[in-house]
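Be aware that the sequence shown starts at 7, since it is given in the working numbering, and climbs by one per residue.
Source of the hints: derived by calculation from the structure; they are not laboratory data. Where hints are given, some of them may not hold.
Below, in silico cross-link-like pairs of lysine-lysine (DSBU-like), each with a Cα-Cα straight-line distance of 35 Å or less [unchecked claim]:
| no. | residue 1 | residue 2 |
| --- | --- | --- |
| 1 | Lys213 | Lys17 |
| 2 | Lys213 | Lys241 |
| 3 | Lys464 | Lys204 |
| 4 | Lys17 | Lys241 |
| 5 | Lys241 | Lys204 |
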Amino acid sequence: MTAEQINPNAKRTMVFMGLLATFGSLLFGYDTGVINGALPYMARPDQLNLTPALEGLVGSAICIGAAIGSFLSGRLSDAYGRKTTLSYLSILFFLASLGCVLSINAQMMIVCRFFLGLAVGGSSTIVPGYLAEIATSQYRGRMVGLMDLVVVFGQFLAYIVNAIIAINLGHDPHVWRYILAVTLIPAVLLFLSMLIAKESPRYLVAKGRISEALEVLKCTHETQAQAIAELNSIKDVLAEQSATKNLSFKDFTEPWMKRIFFLGIALAVTQQVTGVNSIMFYGSQILTHSGFSTDAALVGNIGNGLISVAGALFGLYIVGKIGRRTMLTIGLCGVLTANILIGVISSTLEGSPLLPYFILTLTVIFLGFQQSCVSPATWLMISEIFPTRMRSTCMGLTILCLWCTNFIVTLVFPILLGIVGISNTFFIFGALCICSLIFVRTSMPETKHLSIEEIERKFRNETK
């Protein structure tokens, strides 16, 4: 390819590379959504005989593992590469999923869910960073949004499989094992996809493998001149970082870096305190608590999954058209309204046969705003605000906070549901949404149309 020759397959190749990596996101979504349908069956006295406390631990154990995995994977991907680390995670996905299927007691299930969480957390850190690094600035928003789409598609797929298996095999005492066994399939697909995936060009440049990095960039840029310009930009930024010093704790004390790190953590917490995973993990329990039967709740939960996919698709469409800050503001206003309405209607229609239908409608509205605006905007911002040299470590720490917040919400939600009821629980989420809105409007800058390197320079200059 000459300097001016057009590569007509550049965009197609970039998307294909992204799709290969997002099998990790598919597992992320499926493994977090599958417990929604399996938990009521494994909790039975003739199965794992779970108490409410053990149900909470089984549901949230994946979050503990994910918190640790998100932090450790950053270092591993810096040392061994994004592609190689995802290959290792696919093996862990498979073994941990198999352990869940074969669990003979609650303790074994909790341990296996913890190891599954290590893989989920690892993929939640590596995949968005990888997508941001292979994408051009023009398409980065949509590429990182692709991860969010695949995550919610994985959850939607889990809800469909849950309902189909439960309705057809609900009489079988081991139905929950069949539900969990399906997770083995995407684990194998992730491993196979990594055999043909390309490594991140920014990782290759950091390791001195310049010619390999240029070959990857040629595949994703329309002209060789653009590829070389991108390569030089990466080299310049890495050279600037190398000229300063190696990553150390002192880096986090620099004013511009402290600001970025605070924003990353605040974005991670914002995504979770809306209450999204109370619905994604316990959606069927919320609907049964409102008045649906178990089978009806599992079928109704498919609606939550469907709107999540539709919302993510819409978010993928608008992410390049409006600012990240605007997306978050719209999304948080929507989920705030849904949370307040769930609280009001749960209180005023308690015991009414119409209540579960209203709750289902409002959870669908909630997820529409969450998955189209809040989730894609936060994942995108987290993936692009950190400088290259510190991205893996900072993303690991940030997503560690995300999963710790997820763990708290997932563990506390069933307790709150039992103590204060649906109404007050969702009023609490509404109050947290108000706090998040204040943060977005007062502290979050706009990063639309800026390259990763330009974002770093923007923060450095603004904090001088």
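So which of those numbered hints doesn't the model satisfy? Of the numbered hints given earlier, the structure breaks none, since each of them holds.
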